[in-house]
Amino acid sequence: MQFFGGSEISPSPPVPTATGNNAHMMYVFNRNGVCLLYREWNRPLHTLNPQQDHKLMFGLLFSLKSLTAKMDPTNAEKGNLGIPQLPGQGCSFHSFRTNTYKLSFMETPSGIKFILVTNPRTGDLRETLKYIYNLYVEYVAKNPLYTPGTLIRCELFNTALDQYVRSIA
Amino acid sequence: MAAIYSLYIINKSGGLIFYKDYGSKGRMDTNDSLRVASLWHSMHAISQQLSPTNGCSGIELLEADTFDLHCFQSLTGTKYFVVCETGTQHMEALLKVIYELYTDYVLKNPFYEMEMPIRCELFDINLTQAIQKDRVALLGR
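These protein sequences, in sequence, are chains A and B. Position 56 (the first sequence) corresponds to 56 in my numbering; numbering is contiguous. For my numbering, count along the second sequence from 1 and bump the result up by 1000.
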């Protein structure tokens, strides 16, 4: 993964893994759990109000990460369950699947979490999330008017994201 | 290298009733396995709340960096999950077999109390057989 250097957006977006409109929603959280961005394309069911929904999602990811870090069968020194860990430390996860959706997850070294919820039959979306991270770097992190830690209100980013997600999904 | 690292069975309230380790590094002690099991129970429930569409029945597969976790929930709410190497095939079939063994050797055991830890010799024996690597491969045919 190319985190640094190279000012261009990664040359070619990854090849679509499925056809049809199958992306449901997307979340971006920063390392403090603030929801920087929430996009919704196709979500018929809302069980909670948006704020609670974001909190629950962050909590789920946080706990699943401590679960996978503790369960990691290839590492003998794991520490206790729930031990604080920096981004990139310990065993993390990249996706989970239920019968109605698939959630793909990526965490950057700066602790920003990208979450994409799609149709359960979607393939591996790790490259897709990396590409979305590139979009974020180009249109949000490099935007002089953007203050880190605040909601993302960059028109270019939203347009590019919508376009890209429609192309993969 | 083992294809399957461990097996957990949790009852409908999230209590661990069966845990077996098949050679993961840094074995978990009893307290840790209990905590992990009840944490999984809650994560499973939360994932249903976050579903974008109706009819979600919880996480079936969790893909971590170094392992896959396959979970099967029976109609009565008992959850069976295996931790295995990434990309291991035929785990759904194995979980169904484990469920069958559970119904045959645990539920039909007159000395077994519902929702309590499983201590049935026949279940252990048959489970060991089912989990042997070649058997798992056979299930795919």
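Treat the hints with caution; some may be incorrect.
[Stated by the list, open to error] Just so you have them, the derived chain A footprint on chain B, three or more residues with Cβ under 8 Å:
{"id": "1", "stretch": "1043-1053"}
{"id": "2", "stretch": "1065-1077"}
{"id": "3", "stretch": "1101-1111"}
[As the list claims (entries may be wrong)] Cβ pair distances, simulated, as ranges:
{"id": "4", "chain 1": "A", "residue 1": "Gln52", "chain 2": "B", "residue 2": "Gly1026", "range": "31 to 41 Å"}
{"id": "5", "chain 1": "A", "residue 1": "Pro148", "chain 2": "B", "residue 2": "Leu1075", "range": "45 to 55 Å"}
{"id": "6", "chain 1": "B", "residue 1": "Ala1045", "chain 2": "A", "residue 2": "Pro44", "range": "46 to 56 Å"}
{"id": "7", "chain 1": "B", "residue 1": "Gln1049", "chain 2": "A", "residue 2": "Glu155", "range": "26 to 36 Å"}
{"id": "8", "chain 1": "A", "residue 1": "Gln52", "chain 2": "B", "residue 2": "Ser1013", "range": "32 to 42 Å"}
{"id": "9", "chain 1": "B", "residue 1": "Thr1086", "chain 2": "A", "residue 2": "Lys142", "range": "30 to 40 Å"}
{"id": "10", "chain 1": "A", "residue 1": "Pro44", "chain 2": "B", "residue 2": "Glu1121", "range": "28 to 38 Å"}
{"id": "11", "chain 1": "B", "residue 1": "Gly1023", "chain 2": "A", "residue 2": "Ile83", "range": "34 to 44 Å"}
{"id": "12", "chain 1": "B", "residue 1": "Met1114", "chain 2": "A", "residue 2": "Lys142", "range": "34 to 44 Å"}
{"id": "13", "chain 1": "B", "residue 1": "Arg1119", "chain 2": "A", "residue 2": "Gly88", "range": "37 to 47 Å"}
{"id": "14", "chain 1": "B", "residue 1": "Pro1110", "chain 2": "A", "residue 2": "Gly123", "range": "27 to 37 Å"}
Since the hints were made in silico from the structure, they are not lab data. Just so it is clear, CB atoms sit at the ideal spot from N, CA and C, and this is done for glycine as well.
Hints and how they fare:
1. Judged by the Cβ-Cβ criterion of 8 Å, the stretch 1043-1053 of chain B is covered by chain A as claimed, because 9 of its residues qualify and three suffice.
2. Here the stretch 1065-1077 of chain B counts 4 residues with a CB under 8 Å from a CB of chain A, which clears the bar of 3, and the coverage holds.
3. Counting residues of the stretch 1101-1111 of chain B whose C-beta sits closer than 8 Å to any C-beta of chain A gives 0, which falls short of three, so the coverage hint is violated.
4. Checking the proposed 31 to 41 Å range against Gln52/A and Gly1026/B shows it holds: the Cβ atoms sit about 36 Å from each other.
5. About 48 Å separates the C-beta atoms of Pro148/A and Leu1075/B, a value consistent with the hinted range of 45 to 55 Å.
6. The hint said 46 to 56 Å for the Cβ distance between Ala1045/B and Pro44/A, and at roughly 21 Å that hint is violated.
7. Between Gln1049/B and Glu155/A the CB atoms are about 32 Å apart, so this pair conforms to the stated range of 26 to 36 Å.
8. The hinted window of 32 to 42 Å between Gln52/A and Ser1013/B is violated, with their beta carbons roughly 24 Å apart.
9. Distance hint check for Thr1086/B and Lys142/A: the Cβ-Cβ separation is about 35 Å, which falls inside the suggested range of 30 to 40 Å.
10. Our hint of 28 to 38 Å for Pro44/A and Glu1121/B is violated, since their Cβ atoms are close to 49 Å apart.
11. A C-beta distance of roughly 23 Å is found between Gly1023/B and Ile83/A, which places it outside the suggested range of 34 to 44 Å.
12. Between Met1114/B and Lys142/A, the C-beta spacing of about 60 Å breaks the proposed range 34 to 44 Å.
13. Evaluation of the 37 to 47 Å hint for Arg1119/B and Gly88/A yields a pass: the beta carbon distance comes to about 42 Å.
14. Restraint check, Pro1110/B to Gly123/A: a C-beta distance of roughly 48 Å breaks the suggested window 27 to 37 Å.
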